[in-house]
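**Student:** Listed below, chain by chain, are the residues.
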Amino acid sequence: MERFVFLTVDGLAHGAIYAAFALALVLIWRGTRVVNFAQGAMAVVSAYIAYSVASASGSYWVGAIAAIVSGLLLGVLVERGVMRFVAHTAPLSAIVVALGVSLLIAAIIGILYGVDQRPFPVPFSRTPYTIGSYAVFSPFTLFTFGVVAVVVIGIGLLFTRTSVGLRMRASAFAPETARLLGVNVSRVLTVGWALAAVVGAVASLLIIPTAFLQPNAMDLVFVTAFTAAVIGGLDSPVGAVVGGLVVGLLLSYVSGYLGSNVTSIGVLVLLVAVLLLRPGGLFTMRQARRV
Amino acid sequence: MTGSDAAVAPSAERRTAGGVLRRLAGSPMLGRPGRGFTLARHLAVAVVGLAVMWYLTDHVEAFYDFQIATIAAYLCVVAGLTVLTGLNGQVSLGHSALMAVGAYTVGLLLSKFNDHNVRAQWTVPLALALGVLTTSVAGGVIGLAAARLRGPYLAGLTLAIVVVVPSIATQFGSLFHGDQGVPVPAPPAPTSLGQFFPQEEWDAWIALAAAGLTLFFLANLVHGRVGRNLRAVRDHEVAAQLAGINVARTQVTAFVVSAACAGLGGGVIAVINQSASPDSFALTLSLYLLLAIVLGGLGSLYGAIWGSIAIVWLPYLTNKVMNGLTLSAAEAAKLRGNVPLAIFGLALVIIAIAAPGGIQGLLRRAGRWARARFASRVPQPPSSTGRRPETSPPHGGATHRQAAGPEGLPPTTPSAPTSEVTT
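Residue numbers (the working numbering), protein chains in the order written: chain A, 1 to 291; chain B, 292 to 714.
Bound-form chain A, shown alone:
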């Protein structure tokens, strides 16, 4: 029981971060029909900037703010500088360009910082509280839940309650009509990329402390979050959050009870099961017409 509680809390904490990262992927997919394969690399850049700024200034929070600002700039830079010019005729070209960007970023980080692992600072202790004899959650876990909740609710409110969100939904749903109605679709896309990059940067600040900072620190996170987004349905923000939590829990239980080397098999089994039943993910809407 004790173990079950621990695994559940740990799984939910990781799952929340996967959910945030998956949400960033979904944001870009809805707007541009591009899976941003560079998301992990972009998040790592923000993490390195946070690391450098935090080491130089001595304050975690200054580093975190630097990471968020850098995420914003990087999102704008990648969208305006590269992704904008990709032709959307073939599905592969966007994937390939994003992969190219991610290789380039990983190489530049490797050249600047080397490949050695660095410990990443945390704002709160990672030693868990104990209730009775149960070791449940640490202050950092609480912080993680809080931040992810703020991000998810914030994005939800942004999309449903603000005019920017309305424009974003309109541009994603019917770009031509939105343009006719006076929405600057191109600027909305840039905002979407910037927003997604910020969410990715926040996710990297939360997950990298659980391991080490290194140039490919977010690779596995990206794979897991992408799986979560696919399970939830790439079009659905709710699906991304649910998918992230489910995958996080599953990973935690499988590695806790069956051993850590079967976790990826567990994820694959879940993915295959979901996709065979619903090829568009759990929360997809029925496609009415394909012509």
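Treat the hints as calculated values from the structure; they're not laboratory data.
A portion of the hints provided could be inaccurate.
[Unchecked claim] Here are some, though not all, of the chain B residues that point toward chain A, as calculated from beta-carbon distances under 7 Å:
| # | residue |
| --- | --- |
| 1 | L440 |
| 2 | Y444 |
| 3 | S458 |
| 4 | S465 |
| 5 | H468 |
| 6 | V473 |
| 7 | A646 |
Note that the Cβ used here is the ideal one computed from N, Cα and C, for glycine as well.
Model the placement of chain B on the given structure of chain A, informed by the hints.
**Tutor:** Showing chain B alone in chain A's frame:
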């Protein structure tokens, strides 16, 4: 459809239902006079290519033989992937996992033979054939799932498959020996070739034979009915269905063929390296394979050759250049590995945006330009060698084609210039 139509908007035309139907109806593969010679032509190209490579392997150092062997092994996989992704439009990030299936099958079989003291040369082709068979079955299973999935969903599934490889190797450690991998005791080069015959050259021959076979098989496949179906399904599924093509079966076929090539390539890599371990078939390799098909030119078998050369030689060349520089040990450690990565990334972005046809597309454009120049100077080059009219540009303007088109030839089938037959 007239030639000028195609010149105005070839890509837009390609992706509409009407365009696909028209292409199917007037497909150049059916009415072309030289169709009977396709097989002979591919055979001739394969034989000449292999002869050149044989001469080359015999006259270079053992180290370059090893590189040629590696390139040839990757070529098997890249050619298969370019058919799947370029001609059928299915994006697979899982080909390194399929290579692992081939490699492990070959490794386990050769180990078994070795345990029973069977070290004859025939064990290698037999093991490779069984490796191809196993991988085809695996590819069929993935393909069945893949036929239901589109675009990023398929990419997600294949991505998850690649990540699983090390876990499976560890989980079934008694068979696959975990991270360490299995040894691949391929028999050494036959003694009849001489006592000091370099093993690398023998490996290169095995790899080149595999690559030649793969390319020959694929070239015939994509020029025939199967290839036409693959392209039709890629361009417009509903239109292909209307034309009587079984979409799901075509997609599964593409996956099986592509997997078989990946299995062969993986098996050959295992034979060359004398081992098969999860490290050598990680996600990075899948990304490199994608890189190769895009750099070379998506959907083109010649492009697969350029792409395979690029992914093997580019890291080698950059490291060689950097060895020439005087760097401190720390700097060298940071630059090594990262500089080729940066070049790859940059090349990928630039090529995908500025030259979507890849290296082969650039070569084709250069060739067309050269021919146009030549034709405008010497006004009488109509050769009777049966040069196919489709070499005229799908993207080039009308003036271009007038310059290139030899007056001697009668007007060919109007749809010919739009065909996308790429070898």
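**Student:** Please go over all the hints and tell whether each is borne out by the structure.
**Tutor:** Tested hints:
1. Interface restraint check: L440(B) against chain A, minimum CB-CB distance 5 Å, threshold 7 Å, status holds.
2. The interface hint given for Y444(B) is met, as the beta carbon of that residue sits about 6 Å from the closest beta carbon of chain A, less than 7 Å.
3. Checking S458(B) against chain A: minimum C-beta separation of about 5 Å stays under 7 Å; hint holds.
4. Contact between S465(B) and chain A, as hinted, is not supported at the beta carbon level, the nearest pair being about 14 Å apart and thus beyond 7 Å.
5. With a least beta-carbon distance of about 14 Å to chain A, the hint placing H468(B) at the interface is violated under the 7 Å criterion.
6. With its C-beta approaching chain A no nearer than about 17 Å, V473(B) sits outside the 7 Å limit, and its interface hint is violated.
7. Interface hint at A646(B): violated, since its Cβ lies 11 Å from the closest Cβ of chain A, which is beyond the 7 Å cut-off.
The structure fails to meet hints 4, 5, 6, 7 from the earlier list, while all remaining hints are met.
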